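Full structure from sequences and hints, please.
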Amino acid sequence: MTTTGTTTPAVPDDPTGDHSVPAPAEAAGPANEAVPAAPVAVGTPSAVAVSLLLCLALVGLGAVVLRELVVGREVAGSVLVPGEEWLAPLLGSATSVVQGRTAALVGLGGLLLGVLLVASALAGRPLQSVRLGSRNPLDVPVDLDGRGVAAIAAEAALADDEVGTSRASAGRRRVVVDVSVDPRDSHDEASLAADLTRRVGERLADLQPQPKVRVRVHGAVPR
Amino acid sequence: MSRGVLALDRAVLLLLGVALIVASAFLVVWGLGRWPGSPDEVSLTWFNGVPDHPWWPWALGIGGVLAVLVGLRAVLAHARRRRVRRIGLPGDDSVRGRVRADLPAVADAAAEQLARSPHVEAARGHVLVDRGTTVLELVARVDAAADLAGVRAAVDRTRDDLAVVLPPGTVHLRVRLDVRRSRVENARVA
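Listed in order, the protein sequences are those of chains B and V. The first sequence begins at 1 in the numbering used here and counts up by one. The second sequence begins at 1 in the numbering used here and counts up by one.
For the record, the hints were derived by calculation from the structure and aren't laboratory data.
Here are the computed distance ranges between Cβ atoms for each label pair:
1) B/75 <-> V/33: 44 to 54 angstroms
2) B/78 <-> V/76: 29 to 39 angstroms
3) V/33 <-> B/52: 33 to 43 angstroms
4) B/173 <-> V/58: 54 to 64 angstroms
Please read all numbers here as calculations on a predicted model, not as lab measurements. No residue lacks a Cβ here, since even glycine has one placed at the ideal position from N, Cα and C.
Shown next, in the form of structure tokens:
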């Protein structure tokens, strides 16, 4: 049997992801001015990955074209690159493009690809971490990733005497904790889930954005 | 990778995407026969004789070399990481010479300072350029049961120490936590 409990963050998430709560001027001490906070660590934009793929495709295309130039050619009586030409037969067999469903389907594929290219060009840098502590932009950012959040959550759940094992997975806004209890002992699993949800929530209270916690209690060791 | 390369990436992708959308939309409309006055068939026989032209080998050579060079250059531009090794320190004008700080050494010292905290197991530091900003990034390994307020306080102390060494506003600080569970097994030993 599995019992679950959830909690919602006490502090609403900033939908823009912009931690721009203005700080009073007196909060910025001399150290803040001397060593200012760095920009938030972000992942690589999808535009970079797509561009790299296109760059590699361009190199591949260039290699194919250069191969076409030298394949089958004899220099000083020996063939440099043995094999058949690829591009010349392709161009030689081209006849016509006929109006019809096939052309429309090819166009539809191109349309989707074009939308993907535009979307990747405009996509921002993905936020992959949560911040520990203050939202004050003048404070040094202390970030941790989902794996770290999961480790803290699982450890907090394990601190409960009734919990035998704990495991967690987390993203930026959600943590799921799986705990197992000894099925031979008597447990009020709903109450335990609520208790663990509160305990884990308190442990993660300093994170921004504060993740939503879900605890699942299993009657045996979760696999 | 610099911000210029990223801007170029976005511009090229946007141009390619828009061009592809326009051409594909035309192909869809034409293919469905919704383009009044357009031919039912477009001949491609002009391409048949292309390989026989005297300029064909030249086109292959120049095009191939250009494609490989431009592609490799773009790949290298993405792979290159901007690093800052030294920054100048304010000195005494009456004395000739310059005073510089070796940033990797400063990062190492800051990491060592951070690792002295009982809430931090180990730390390492490096300097990078992130979106045009010189960033000293510390990676602190902490236990999952560690006092997070203590970790935060240790970071603030490290920042205060750095403020003594670095000229104001030259380097920005960021800390990443590498959180690990202390037990090899996550199960409680009965």
